[in-house]
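Let's have the full structure, built from the sequences with the hints guiding it.
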Amino acid sequence: MAPRKLAGETLVLATHNPGKVREIGELLAPYGMSVVSAGELGLPEPEETGTTFVANAELKALAAATASGKPALADDSGFCVAALDGDPGIYSARWAGPSKDFSVAMELVHRKMAESGSDDDRAWFTCALTLAWPDGHCESVEGFVHGTAVWPPRGDKGFGYDPMFVPDGDTKTFGEGDADWKHSVSHRADAFAQLVARCFDGGPAGD
Numbered sequence: 377m378a379p380r381k382l383a384g385e386t387l388v389l390a391t392h393n394p395g396k397v398r399e400i401g402e403l404l405a406p407y408g409m410s411v412v413s414a415g416e417l418g419l420p421e422p423e424e425t426g427t428t429f430v431a432n433a434e435l436k437a438l439a440a441a442t443a444s445g446k447p448a449l450a451d452d453s454g455f456c457v458a459a460l461d462g463d464p465g466i467y468s469a470r471w472a473g474p475s476k477d478f479s480v481a482m483e484l485v486h487r488k489m490a491e492s493g494s495d496d497d498r499a500w501f502t503c504a505l506t507l508a509w510p511d512g513h514c515e516s517v518e519g520f521v522h523g524t525a526v527w528p529p530r531g532d533k534g535f536g537y538d539p540m541f542v543p544d545g546d547t548k549t550f551g552e553g554d555a556d557w558k559h560s561v562s563h564r565a566d567a568f569a570q571l572v573a574r575c576f577d578g579g580p581a582g583d
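Each number in this note's numbering corresponds to the 1-based position in the sequence shown with 376 added.
Since the hints were made in silico from the structure, they are not lab data. Any given hint could turn out to be false.
Computed list of lysine-lysine pairs in DSS-like fashion (alpha-carbon distance at most 25 angstroms, straight line) [unchecked claim]:
#, residue 1, residue 2
1, 533, 548
2, 381, 476
3, 476, 488
Bear in mind the structure is a predicted one, so any value in this text is a computation, not a measurement.
Structure below.
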């Protein structure tokens, strides 16, 4: 079956995370789409009960599409560390606790890496993106960026675990680089490029 295309509808971003709203909004900007977040619409956050990034992205996108009656785009992403067998992974936000304090989460990753006894500092970010429609149809993709976990964290840009991640081929963390650079190399950019190729008609507005 051919992928379903998104054609000019208002798109709901199924997230209450301001950092994700900003990043996804910037990625969508060239396509001239009207975008509103689930937070702005007052939609509830569904419990993330999936066991994979894609399953959680689909769960969130379907909940927002059903509640809003509009197509919805959801992201489920996380920080994965080789020495921790891929953790925190889908539980990345939970490691930050109820206050979503990622300085606490990064400290926990650092401590658990030290306790693991491994000197493997490989790490990667994973991003699953799902477009869902009110009739239940979903289109999902998954993107990655590989690199290393560093300590102490560096930089105050980005969000989440960005300050402790250096992508392969670079020396600065996601917390030190500007948005344009991050958009060119990130897991979210990788997934978004796949989604555009799969589900967007035409190119950016003005092309």
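**Asked** Can you name, in rising order, the numbers of the hints this structure does not satisfy?
**Response** 2
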